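*Asks:* Chains as they are written, first to last, in this note's numbering: chain A, 1 to 250; chain B, 1 to 422.
Bear in mind the hints are in silico, worked out from the structure with no lab data behind them.
Note that this is a predicted model, so its numbers are computed, not measured.
Glycine residues also receive a C-beta, built at the ideal position from the N, C-alpha and C atoms.
It is possible that part of the hints are untrue.
Said to hold, decoys possible - Pairs of lysine to any residue, SDA-like flavour, derived with a Cα cap of 20 Å:
1. Lys27/B <-> Ala228/A
2. Lys417/B <-> Asp64/A
3. Lys97/A <-> Leu22/B
4. Lys66/A <-> Phe42/B
5. Lys402/B <-> Ser46/A
6. Lys378/B <-> Ala228/A
7. Lys175/A <-> Phe42/B
8. Lys171/A <-> Asp29/B
9. Lys417/B <-> Leu136/A
10. Lys66/A <-> Asp29/B
11. Lys171/A <-> Phe42/B
12. Lys378/B <-> Asp64/A
13. Lys67/A <-> Lys385/B
14. Lys369/B <-> Asn176/A
15. Lys66/A <-> Leu22/B
Unchecked claim - Partial list, computed: chain A residues near chain B (C-beta under 8 Å):
16. Leu19
17. Ala59
18. Gln100
19. Tyr153
20. Asp154
21. Gly183
22. Asn227
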Amino acid sequence: MSILDKILGGNTLYYPGCLTKFVAKDLEEKYQEILRQEGIDFITLSELELCCGSPALKAGYLADFKKAAKENMKIFKDHGVTKVITNCPACFMILKKYYQEALGKDWNIEVEHISQTLGSKLKAQNSKLQPKVKNLKLTYHDPCHLGRQMGVYDQPRTVIKNLGYRISEMKLNKKNSFCCGGGGGVQSNEPDLASKIAQDRIKQAKETGARILCTACPLCYLHLKENAKGIKVKELSQLFSLNKGKNDHQ
Amino acid sequence: MTINKQSFWDRETKTALWRIVLEYQGKRDQALKKNQLEMEGFREEVHQMKKQALDQIDQLRKQAIANLEANGIRVFEAKDDNQARKIIEKLLKDKKRVIKAKTNAFGEIDQKGFLADKQVQETDLGDFVVSLVGDPEAHPVLPALHLSPEKIAQAIEKKYRKRILPTAEGIAEFARNYLREKINRAQAGITGANAITADGKIVILENEGNISLVSRWPESHIVVAGFEKIVPSLKEALMVVQASAIWGTGQDWPAYVSVIASPSKTADIANETIIGAQGAKEVNLVLLDNGRGRLIEAGFSELLHCLNCGACLNFCPVYHQIGSHYGGKYLGSRGVVFAAFSQSLKKAKLANCFACTLCSACLENCPAKIDLPELMRKLRTLLEKEGWQTKENEKMIANIRKFGNPFGKIEEGQIPKELYCC
Ligand code: SF4
Numbered sequence: 001m002s003i004l005d006k007i008l009g010g011n012t013l014y015y016p017g018c019l020t021k022f023v024a025k026d027l028e029e030k031y032q033e034i035l036r037q038e039g040i041d042f043i044t045l046s047e048l049e050l051c052c053g054s055p056a057l058k059a060g061y062l063a064d065f066k067k068a069a070k071e072n073m074k075i076f077k078d079h080g081v082t083k084v085i086t087n088c089p090a091c092f093m094i095l096k097k098y099y100q101e102a103l104g105k106d107w108n109i110e111v112e113h114i115s116q117t118l119g120s121k122l123k124a125q126n127s128k129l130q131p132k133v134k135n136l137k138l139t140y141h142d143p144c145h146l147g148r149q150m151g152v153y154d155q156p157r158t159v160i161k162n163l164g165y166r167i168s169e170m171k172l173n174k175k176n177s178f179c180c181g182g183g184g185g186v187q188s189n190e191p192d193l194a195s196k197i198a199q200d201r202i203k204q205a206k207e208t209g210a211r212i213l214c215t216a217c218p219l220c221y222l223h224l225k226e227n228a229k230g231i232k233v234k235e236l237s238q239l240f241s242l243n244k245g246k247n248d249h250q
Numbered sequence: 001m002t003i004n005k006q007s008f009w010d011r012e013t014k015t016a017l018w019r020i021v022l023e024y025q026g027k028r029d030q031a032l033k034k035n036q037l038e039m040e041g042f043r044e045e046v047h048q049m050k051k052q053a054l055d056q057i058d059q060l061r062k063q064a065i066a067n068l069e070a071n072g073i074r075v076f077e078a079k080d081d082n083q084a085r086k087i088i089e090k091l092l093k094d095k096k097r098v099i100k101a102k103t104n105a106f107g108e109i110d111q112k113g114f115l116a117d118k119q120v121q122e123t124d125l126g127d128f129v130v131s132l133v134g135d136p137e138a139h140p141v142l143p144a145l146h147l148s149p150e151k152i153a154q155a156i157e158k159k160y161r162k163r164i165l166p167t168a169e170g171i172a173e174f175a176r177n178y179l180r181e182k183i184n185r186a187q188a189g190i191t192g193a194n195a196i197t198a199d200g201k202i203v204i205l206e207n208e209g210n211i212s213l214v215s216r217w218p219e220s221h222i223v224v225a226g227f228e229k230i231v232p233s234l235k236e237a238l239m240v241v242q243a244s245a246i247w248g249t250g251q252d253w254p255a256y257v258s259v260i261a262s263p264s265k266t267a268d269i270a271n272e273t274i275i276g277a278q279g280a281k282e283v284n285l286v287l288l289d290n291g292r293g294r295l296i297e298a299g300f301s302e303l304l305h306c307l308n309c310g311a312c313l314n315f316c317p318v319y320h321q322i323g324s325h326y327g328g329k330y331l332g333s334r335g336v337v338f339a340a341f342s343q344s345l346k347k348a349k350l351a352n353c354f355a356c357t358l359c360s361a362c363l364e365n366c367p368a369k370i371d372l373p374e375l376m377r378k379l380r381t382l383l384e385k386e387g388w389q390t391k392e393n394e395k396m397i398a399n400i401r402k403f404g405n406p407f408g409k410i411e412e413g414q415i416p417k418e419l420y421c422c
């Protein structure tokens, strides 16, 4: 992309979201590498951008949420952002659905979950993604904010399959998926409850016979991992091996 | 706030619950097929039907009251639970023996000590069993799902000194004989209603047949229902029946549907109309507001689309851990929201408003497509405004305000324990 294209066409922002940026930092690095490998031109705003406001909105702080939406929009526009790619389903839902609601017409920035970005590259057959395992069985957990709330069920699965994995579905999947228990502020407000729910989900995952449980959400990932016994929990990016010829878990 | 350790269901109950829920799911889908209904289309129809009814509820309510009264059904409007109890006490003034069928609306206004001077008998098998064991209802449609037949048989033996087979059949047989005697001697019967039509009919569905008896056998029938049960006509009422059966128990149609349009009457002798033949001599409807008006004013009217089928609980992750500790007088997310208006914001917080993960499983499973997670989120805004916030959330928002992220300042190599997200 030439400089002129960038100015005219606008910037694509990779927005990791607070949880990825401050807690699951390895995921952020990994996703940046993946985007680069896929030839996607993007900028980052690290310390400049703010929390999307999801935790504030869900805890009832409406004014704080609206403030975050306005400020982020200004920051994004100041940097010529016309498209946001995020790997966090909560940020994805907030930026796509709730920013639209809060900001109206002014919010004309396209928002994509990274599984959609990668999925459409695969569909257009211009992905550099290579299968690195052969028919290895895993099970996939639909994050509530990505699946039930935003209807993104297929793209993460497409990506996983193209990485050489075979998905063995849990009884409760897609629109019937069972929550990991961490969202909505419950991980911090009701930690015992959150853990018990996660343990139920882990049990359901183990019933598939898969040894790997993969999800496309940093919160589901951290929370399920914390409560997993007898199954490996992976975030989508961790299934990728980049220029090493081998996948991470091998 | 932290949920009490005793509030969590034990492993066996959880396993039993999952078995029931997964079986239910299959039956529900079969029932839809049998009725030749496509799930999403039908849900949208129910949603629209209830929305339209609620949009003109004041008018429908006036029509319903006028038409019911013209048919000889007495209507009493109750502003709140206190008033409802007073009305019922008055209606039961000279009556001692009362039988009750399943009614969640009665549960809504019930209180410790209310009708303590009467002999009140539950006749729904599940309710009969939980009241016998002394547990709260575990589910609005399947109140005794957490009790094994062995445990129930033991409770029966202890209370009635009667040995019975510890099987579902044995228990049902015992209850049938025991309850028939009670029904036979009852002076008044209390039921709920699934729908009330603006042209003056009360519609009640059931499987056991006890509602038919409770509503007809005693001299006086008292119906307790919220005004949101009012729909324009039988056409909409039958849609409520169908949706309630499919989503409530996974049946294509319930065993019985009663349509009550007046007290029992006959004109067989000398063509003179006499009120009170074999059925109830008087039918009384106690129509509840009890916070519903406030709920509409506050912009939560979607909650009143509820048919009370209980389906929103079936895949709720919170309900699967703490059962009846989630919610208020009604269980689950809708119970939390309802508590805020029928009781208080404090009650809504205590009903575990902040335990909801906003996962949307309730919305997905609701035949009326009520956006419960959105209502829950809106409720949290009210709680926040009125000072019912949690400590953890206060920490989170302080971090956002100060640092632009919910975790606050994070030292290198440190992972915050509390994931105030997402
Ligand atoms: S909210 Fe929906 S699913 Fe829940 S009881 Fe009411 S109608 Fe049924």
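*Asks:* Does each hint hold? Answer for all of them.
*Replies:* How the hints compare with the structure:
For the suggested pair lysine 27/B and alanine 228/A, the alpha carbons sit about 32 Å apart, so the restraint of at most 20 Å is broken. Simply put, lysine 417/B and aspartate 64/A have alpha-carbon atoms about 23 Å apart, too far for the 20 Å limit, and the pair is violated. A C-alpha spacing of about 32 Å is found between lysine 97/A and leucine 22/B, which places the hinted pair above 20 Å, so the restraint is violated. Among the hinted pairs, lysine 66/A with phenylalanine 42/B is inconsistent with the structure: their alpha-carbon atoms are about 36 Å apart, more than 20 Å.
For the suggested pair lysine 402/B and serine 46/A, the alpha carbons sit about 17 Å apart, so the restraint of at most 20 Å is met. This hinted pair does not check out: lysine 378/B and alanine 228/A have alpha carbons roughly 33 Å apart, beyond 20 Å. This hinted pair checks out: lysine 175/A and phenylalanine 42/B have alpha carbons roughly 17 Å apart, not beyond 20 Å. Under the criterion of a C-alpha separation no larger than 20 Å, the hint pairing lysine 171/A with aspartate 29/B is consistent with the structure, at around 15 Å.
In summary, the hint linking lysine 417/B to leucine 136/A is not supported, as the alpha carbons are separated by about 33 Å, beyond the 20 Å threshold. A hinted pair counts as satisfied when its Cα atoms are at most 20 Å apart, and lysine 66/A with aspartate 29/B does not qualify at roughly 41 Å. Only pairs whose Cα atoms come within 20 Å are accepted, and lysine 171/A paired with phenylalanine 42/B is rejected, the gap being roughly 24 Å. Our distance criterion of 20 Å between C-alpha atoms is met by lysine 378/B and aspartate 64/A, whose separation comes to about 14 Å.
Our distance criterion of 20 Å between C-alpha atoms is met by lysine 67/A and lysine 385/B, whose separation comes to about 16 Å. Only pairs whose Cα atoms come within 20 Å are accepted, and lysine 369/B paired with asparagine 176/A is accepted, the gap being roughly 15 Å. Proximity of lysine 66/A to leucine 22/B is assessed by CA-CA distance (about 40 Å); at most 20 Å being required, the pair is judged violated. The interface hint given for leucine 19/A holds, since its Cβ lies 5 Å from the closest Cβ of chain B, which is under the 8 Å cut-off.
The restraint placing alanine 59/A at the interface with chain B holds, with a minimum CB-CB distance near 4 Å, inside the 8 Å limit. Annotation: glutamine 100/A was flagged as interfacial toward chain B, and the flag is violated, the nearest CB pair being 15 Å apart, outside 8 Å. The beta carbon of tyrosine 153/A is not positioned within 8 Å of any beta carbon in chain B (closest approach about 13 Å), and the interface hint is therefore violated. Restraint check, aspartate 154/A versus chain B: the minimum CB separation of about 17 Å is more than 8 Å; hint violated.
The criterion of a C-beta within 8 Å of any C-beta in chain B is met by glycine 183/A, whose closest approach is roughly 5 Å, and the hint holds. About 13 Å separates the beta-carbon of asparagine 227/A from the nearest beta-carbon of chain B, more than 8 Å, and the hint is not met.
Consistency note: the structure conflicts with the earlier hints numbered 1, 2, 3, 4, 6, 9, 10, 11, 15, 18, 19, 20 and 22.
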